[in-house]
Structures are given as C-alpha cells and as structure tokens.
Amino acid sequence: MSYSLASRGGSHTSRGSRSRRALGVGSEIVDISNVSSEEDERSQYDDALEEQRLTAIGETGIRVYEGSAADEYEGSEYGESETDLPFFKTRKGKVLAIGILLIALIGVVAAIASVASNGSNDQKSLSGLDLTPGSSPSENPTQVPTLAPPSGTLSPSLTPTSMPTLAPMSQIPAVNPREELFNILVDSLTSSGVSSVNSLVTPDGEQTPQILALNWLLDENPLLLMDSSTSIPKIRLYQRYILATLFYSTDGERWNNRTSWLGSEHECEWFGLSCEEKDVPSDSILSKDSASPTVDPTTKELMVVSIDLELNNIVGELPDEIFFLTNCTVLGLFGNGLSGTLSTKVGKMVALNKLWLEDNEF
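In this note's numbering, the protein residues as written are 18 to 379.
No lab work stands behind these hints: they were computed from the structure.
Beta carbons: idealized from backbone N, C-alpha and C, even for Gly.
Fair warning: there could be bad hints in the mix.
The calculated DSBU-like cross-link candidates involving lysine-lysine, where the alpha carbons are at most 30 Å apart (straight line), are [unchecked claim]:
{"id": "1", "residue 1": "K371", "residue 2": "K295"}
{"id": "2", "residue 1": "K295", "residue 2": "K362"}
{"id": "3", "residue 1": "K317", "residue 2": "K371"}
{"id": "4", "residue 1": "K317", "residue 2": "K295"}
{"id": "5", "residue 1": "K365", "residue 2": "K317"}
{"id": "6", "residue 1": "K365", "residue 2": "K295"}
{"id": "7", "residue 1": "K317", "residue 2": "K362"}
Simulated DEER-style distance windows between Cβ atoms [to be verified]:
{"id": "8", "residue 1": "V126", "residue 2": "L71", "range": "50 to 56 Å"}
{"id": "9", "residue 1": "D221", "residue 2": "D296", "range": "41 to 47 Å"}
{"id": "10", "residue 1": "P220", "residue 2": "D268", "range": "53 to 59 Å"}
{"id": "11", "residue 1": "L118", "residue 2": "L71", "range": "39 to 45 Å"}
Based on the provided sequences and hints, a complete structural model is requested.
Now the structure itself:
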C-alpha cells in the first residue's frame, strides 16, 4: 500500500492562511483538514508572539536574540545584552558572587563552632573549681596529681632517722705529746725570762740556736729529762738548755775540744765545766705535785760553777741565756773569736768573780 501527501488547492502560499491537506490511499483521497486543526492553533500562537516581539522592538529598540519564546527577552533591566553588562551583573558574575558568599558563610560558621568547642573544653576544666565570689573553700579540695617516684626509689619511712653519734673519746686523736712538751717548755722559758719569745717562736720557721737546743732536749733526751715520771727541778733543766744554746750559738762543731758536749752524760761532765752540789728550788716543769705542801721546797743538784773554754776556737756571739747560770763564779773565754757586744745581762751572774774575755773580737 502506498501513501502520498498532497496539498489541496496547490502550494502553501501563506503562513497565516489555513492549509488543507489530504491523505491519498490508492485512488481514494481522504480529507484530513480536521485532523490538523491543533497544529493550526499552535501556528497562530507563534504568529501572535512574533507580532508582539516586533512591536516591542519598534517601541524600545531592544535587540532580541532569536530563539524559543522562553529565551526571547533575556537582558538587563535597561534593555542591554549580557555582553554589554559588567561582569558582576551577568549570570556568571552573580553565580560567582553567590559562591563566594557561601564560602565566607561556611568559614564564619566553622570559626564560631571552633570557639564554642574551646569554650566548652575550658568550662569542663574549671568544672571542679568553685569560682563563686565570697564562697568558702570546699571541704574536699581538688587533688593535685603527684608524680610517681622513680623505679627503685624506696618510699619514705615513718621511722625517724637516728641522730649521728659522736665518736668515743678514745677515737679522738690525742694531742701530740712532743708538741705539748715543746709548748710547755716555751711558756716556762719565756715566763722566767731565760729566753725571749722571738728566739723560740719564729714566723718564717727559722732554726735559731734556742730552737735547736730545745729540739735537742725533746728529741735526743739522753737523760729522760722530759719523762713525766721524773721530778727534775726546772732550774736543772734550764742549765742543760742554756749550755746547749751556747754550743749552737758559737758553732760548737768547730771547737778545738768539745768532748761529751750534747752527750748522754750529766752536763757537769762536759769538757770545760766544773760543778758543785747546790740547794735549788724543787719545783718541776712537768710535775703537778711540785706546789704541794708535802713536797720539800728545795733539793740538792749539781750546778755549774765554772766555765773554762779559753783558746778553744769559739766564734760568734755569746747568747744572753748564759748569764742565767747564777751559780757560776768563773767565766773564762779569752783567746777565742767571740764578737758582738757583751750584754748587760751579765749582771745576773751574781756569784761571778772572774770574767776572762781578753783576745776576742768584742
């Protein structure tokens, strides 16, 4: 079966005229004018819109882009096209502006949320504290966390630590006996005037003849004069010290004859000395019983009464200590190399009746 579409009455001459069409089926022609009435109405509607658009163009001079009826009057409120408008007034500009506003709004909302979260955390940290003005302290104070002690550290004991005890007296070192005896002798010799403090105590450690004589008494001690069990009268101890001082002051090692000097024998047996037994005070430097009423105030001792050392190569200066041999009656030192000045303390030798000092360097 074949179909053909023909226009009744010839070609379509006018868009506004009503067209009549017929559908041919074989030799028969079917009139379909009624069928196309709906299309005619739509065409009339389009014609009316076209006339309105043309009228608007004539009155306002607005340029309208061709297109469907929904897109015909696109433009600004002043009748301009998008190409002539500023970017922020175009559709794209408005969309971009809206997007920027949305992003800013989201940022503000996020910042507010962060501040609110921090405030909530601070509130939680202060929830255990009573911050009301004038409120009394809580009976249950907040416990401050404490650090755990290091591993291996012993916990403190409630038992009090015992106080340190002093060492027993037996453990305290005793005073050096020699140093103690040295100080006792220095005090006795200086207080009696036999020797001066400067000759026995020197700041620079100088070994004076007096210090050498005192050290000899303490260290050599051949007659145990420093033994606390003995009761040697101090006048006898002074005599032995004075003779040792004479030896060290006049370079006794160079004497022509120095037999027994500074030996273990009694000093009365030394070369050039003569002694007699005399009554002397019995008080001792070391004995505490010397001042007791039961002790005899005097005792018998051999004391030097003569010194005869002439022509014996004795040099140097006579020490002042020799003039404290108050029992000496003869002092013979002529023909030696003694120098210096004879001390006025020679007057202390109250028993002296012979003084031989010729041929010296006084």
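Verification of the supplied hints:
1. With a C-alpha separation of about 20 Å, the suggested pairing of K371 with K295 holds against the 30 Å cut-off.
2. With a C-alpha separation of about 23 Å, the suggested pairing of K295 with K362 holds against the 30 Å cut-off.
3. This hinted pair checks out: K317 and K371 have alpha carbons roughly 25 Å apart, not beyond 30 Å.
4. Straight-line distance between C-alpha atoms of K317 and K295 comes to about 5 Å, which keeps the hinted pair within the 30 Å bound.
5. Simply put, K365 and K317 have alpha-carbon atoms about 22 Å apart, close enough for the 30 Å limit, and the pair holds.
6. Distance restraint check for K365 and K295: the Cα-Cα separation of roughly 18 Å lies within the 30 Å cut-off, and the hinted pair is therefore satisfied.
7. Proximity of K317 to K362 is assessed by CA-CA distance (about 26 Å); at most 30 Å being required, the pair is judged to hold.
8. Our hint of 50 to 56 Å for V126 and L71 holds, since their Cβ atoms are close to 52 Å apart.
9. Separation of D221 from D296 is about 42 Å and conforms to the stated range, judged on CB atoms against 41 to 47 Å.
10. Here the CB-CB span from P220 to D268 is close to 25 Å, at odds with the stated 53 to 59 Å.
11. In this structure, L118 and L71 meet the distance hint of 39 to 45 Å, their C-beta atoms being roughly 41 Å apart.
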